[in-house]
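S.K.: Those protein sequence lines, which keep their order, are chains A and R.
Per the numbering used here, the first sequence starts with residue 22, numbered consecutively.
Per the numbering used here, the second sequence starts with residue 200, numbered consecutively.
One should not assume that every hint holds.
To be verified - Beyond 12 Å from chain R on every Cβ pair, some chain A residues (computed): (1) 34; (2) 115; (3) 224; (4) 251; (5) 256; (6) 286.
Stated by the list, open to error - Here are the computed distance ranges between Cβ atoms for each label pair: (7) A:220 with R:303: 35 to 43 Å; (8) R:369 with A:136: 39 to 47 Å; (9) R:473 with A:198: 45 to 53 Å; (10) R:368 with A:227: 44 to 52 Å; (11) A:222 with R:303: 26 to 34 Å; (12) R:340 with A:109: 52 to 60 Å; (13) A:198 with R:477: 40 to 48 Å; (14) A:220 with R:328: 50 to 58 Å; (15) A:184 with R:427: 42 to 50 Å; (16) R:325 with A:190: 36 to 44 Å; (17) R:282 with A:217: 49 to 57 Å; (18) R:396 with A:114: 34 to 42 Å; (19) A:94 with R:297: 45 to 53 Å; (20) R:377 with A:143: 49 to 57 Å.
Said to hold, decoys possible - A few chain R residues facing chain A, derived, Cβ under 8 Å: (21) 251; (22) 300; (23) 304; (24) 309; (25) 317; (26) 336; (27) 409; (28) 473; (29) 474; (30) 485; (31) 494; (32) 496.
Hints are computed from structural coordinates only; laboratory data are not their basis.
The model shown is predicted, which means the values in this text are computed figures rather than measured ones.
Beta carbons: idealized from backbone N, C-alpha and C, even for Gly.
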Amino acid sequence: MEFGPHLVLALIEGAVTAAVLALTASGLSLVFGVMRVVNIAHGAFFMLGAVIAWWITQGIGGHPGWGFAAAIVAAPLMVGALAVAADLTVLRRLSYDPERTIVATIGLLYIIQQLTLMSYGPEARPVVAPFDARIALPWPERGAEGWRIGWPWGFGTTAWKLAVIGAAAALVGALWLFMARTRAGLVLRATQADREMATAFGIPVERVYALTFGLGAGLAALAAVLIVPIRQAHYLMGGDPLLLSFVVVIIGGLGSLPGTLLAAVLIGLSDGIISVFFSPTLAKIIATLMVALVLVFRPQGLYGTRAP
Amino acid sequence: MRVLALHLGLLAVLGALHFALPAYHHGNLARVMVLASYGIGYNLLFGYAGLLSLGHALFFASGMYGAGLLVQHAGAGAGAAMLAGTVAAAVVAAALALVALRTRGVAFMIVTLMFAQAGYLTILYFGDWTGGDEGFVMARSGRMLLGLDLGTPDARYLAALALFAVCLLGSLALARAPFGRVLVAIRENEERARMLGYDTQAHKRAAMILSGAISGAAGAAYAILFGYVGASFAEVQYSILPLLWVLLGGAGTVLGPFVGALFMFYLIDLASGVTSAYMLIAGVALVLLTLYAPQGLMGEVRRRLWRGLP
Chain A
22 MEFGPHLVLA
32 LIEGAVTAAV
42 LALTASGLSL
52 VFGVMRVVNI
62 AHGAFFMLGA
72 VIAWWITQGI
82 GGHPGWGFAA
92 AIVAAPLMVG
102 ALAVAADLTV
112 LRRLSYDPER
122 TIVATIGLLY
132 IIQQLTLMSY
142 GPEARPVVAP
152 FDARIALPWP
162 ERGAEGWRIG
172 WPWGFGTTAW
182 KLAVIGAAAA
192 LVGALWLFMA
202 RTRAGLVLRA
212 TQADREMATA
222 FGIPVERVYA
232 LTFGLGAGLA
242 ALAAVLIVPI
252 RQAHYLMGGD
262 PLLLSFVVVI
272 IGGLGSLPGT
282 LLAAVLIGLS
292 DGIISVFFSP
302 TLAKIIATLM
312 VALVLVFRPQ
322 GLYGTRAP
Chain R
200 MRVLALHLGL
210 LAVLGALHFA
220 LPAYHHGNLA
230 RVMVLASYGI
240 GYNLLFGYAG
250 LLSLGHALFF
260 ASGMYGAGLL
270 VQHAGAGAGA
280 AMLAGTVAAA
290 VVAAALALVA
300 LRTRGVAFMI
310 VTLMFAQAGY
320 LTILYFGDWT
330 GGDEGFVMAR
340 SGRMLLGLDL
350 GTPDARYLAA
360 LALFAVCLLG
370 SLALARAPFG
380 RVLVAIRENE
390 ERARMLGYDT
400 QAHKRAAMIL
410 SGAISGAAGA
420 AYAILFGYVG
430 ASFAEVQYSI
440 LPLLWVLLGG
450 AGTVLGPFVG
460 ALFMFYLIDL
470 ASGVTSAYML
480 IAGVALVLLT
490 LYAPQGLMGE
500 VRRRLWRGLP
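All chains, please: the whole structure from these sequences, using the hints.
M.R.: And the structure:
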């Protein structure tokens with residue numbers, strides 16, 4: 022294949038990564054913004070979403086669409102409920118002290134990961150996509166009689182990848198509407214801006230914290246359910262999303278949703294392009310080093326308003 | 200005086216155990232002493248300067264690969280390898296300090312975590328040189344020091360003990376020296392330390408380089424004594440383990456890293472006989488420690504029994 026079609030494929034791969042990353046990272050960003058908690062277990066919640074999706078689709082027979090529909094509703098709810106429980110039993114008792122919560126969430130990461138290993142096992146298992154038509158993409162070719170539109174061999178994508186991009190965009194849009202337009206979103210933003218003042222106005226801050234932690238974990242699980250037909254469910258799959266989410270959240274500015282989205286698109290696309298043309302490992306190294314540059318030259322991130 | 204007696208007493212007991220222990224525990228204890236030296240390096244930065252790093256595996260692996268690659272590609276002996284590993288880790292720590300110390304608190308943890316991950320990926324990326332995932336076995340030449348084979352159980356134990364003794368006594372001296380006291384002042388209140396006229400940034404940088412060098416020395420010793428260099432030692436897990444040992448043993452205590460490493464090593468050793476998911480123990484321990492005993496074992500001893508324990 023020539024360079025042009027290759028680049029288009031890389032961009033589609035990058036857009037899928039960016040879409041999933043935007044969802045995962047906005048969960049991390051939300052939790053950090055509202056609660057000031059760095060959740061190392063975020064990748065574990067992501068992995069748990071994928072594993073639960075596999076488990077649900079196995080349990081429900083018939084057309085793969087039914088199982089998947091059940092998974093995409095139930096998996097984020099179950100993971101969210103687990104996160105709320107973790108908040109109530111652990112994080113709240115640490116009074117959300119930033120350093121101690123980080124250590125506790127590392128502990129949570131190991132507990133979730135190892136319990137998954139004990140019950141689900143070390144295999145990577147696929148989940149069938151609800152629909153999986155292959156779409157050939159057109160590309161201008163130079164033939165004997167001049168330029169014409171052709172369908173080069175091997176140049177195409179699956180409908181599911183395009184659906185993932187669309188669904189993630191819609192979900193991030195819904196999250197933005199929720200934050201900007203609803204009463205619950207207002208309460209979240211008030212708590213983020215000033216916890217003391219929110220308490221003074223009668224906002225049940227502790228309940229808001231528990232729900233925020235659940236919502237953040239739910240977003241990670243949702244992203245995982247979307248991606249699991251493309252990348253298989255495995256107990257260590259949470260590592261890369263966690264690393265890239267941190268990259269995105271720092272580059273975008275801790276706690277800023279627009280910054281997170283912009284950085285997710287930037288990192289996702291460059292990850293796709295570098296992965297296709299060079300190697301996925303190099304892409305992760307470069308993404309990490311970009312963080313160093315951002316921290317040196319713009320410590321508050323692209324959209325941040327205060328130093329982290 | 201009592202303090203010096205306690206620490207020298209521990210070293211004497213460890214020396215006596217060399218003759219008393221059965222082979223299995225003899226080998227384990229040698230490993231624990233090397234890992235405890237790593238913990239001492241970590242404790243210097245976390246326990247004394249109050250900087251919680253989540254990326255010390257980068258320093259441990261720098262030491263390991265600094266030593267291993269020199270042996271592998273230049274056929275060096277153990278002495279040169281040890282030196283190269285320590286220097287490599289100190290250089291990496293100095294470079295990371297330039298970037299990471301611009302941040303503080305939570306951002307510092309994330310930055311160190313990510314640079315360690317970048318280091319791990321770099322080792323995988325240059326797989327032709329580093330052996331990638333599989334790593335490589337150290338050549339016999341790299342285990343020879345002054346005609347002594349450090350790979351034999353006896354020499355290995357004594358070499359581990361020597362490394363641990365240097366680290367322990369060095370850490371004890373440091374904790375009582377003005378430099379150590381300034382680090383504690385920075386941990387407790389950085390603004391106040393700066394107000395008193397200390398260059399806190401320079402102290403933190405020095406602490407980070409020293410901490411990296413000790414961790415690197417432990418990494419180099421691990422490669423030389425146990426004869427294996429692998430990318431798994433650069434993974435996040437090896438950044439979390441020293442944190443766990445130090446938290447368990449007691450952050451900011453000289454003996455804490457050893458107590459924590461010994462305890463955790465045997466706990467994981469027992470658990471891995473039962474299940475492959477032995478890191479579950481580490482996770483549960485971390486959560487319970489942060490909830491119920493943030494001071495760690497030696498921290499509790501200091502609080503309840505002996506207030507002057509360094």
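S.K.: Are any of the numbered hints broken by this structure? If so, which, sorted upward?
M.R.: Hints 2, 5, 7, 22, 26, 27, 28, 31, 32 contradicted; others consistent.
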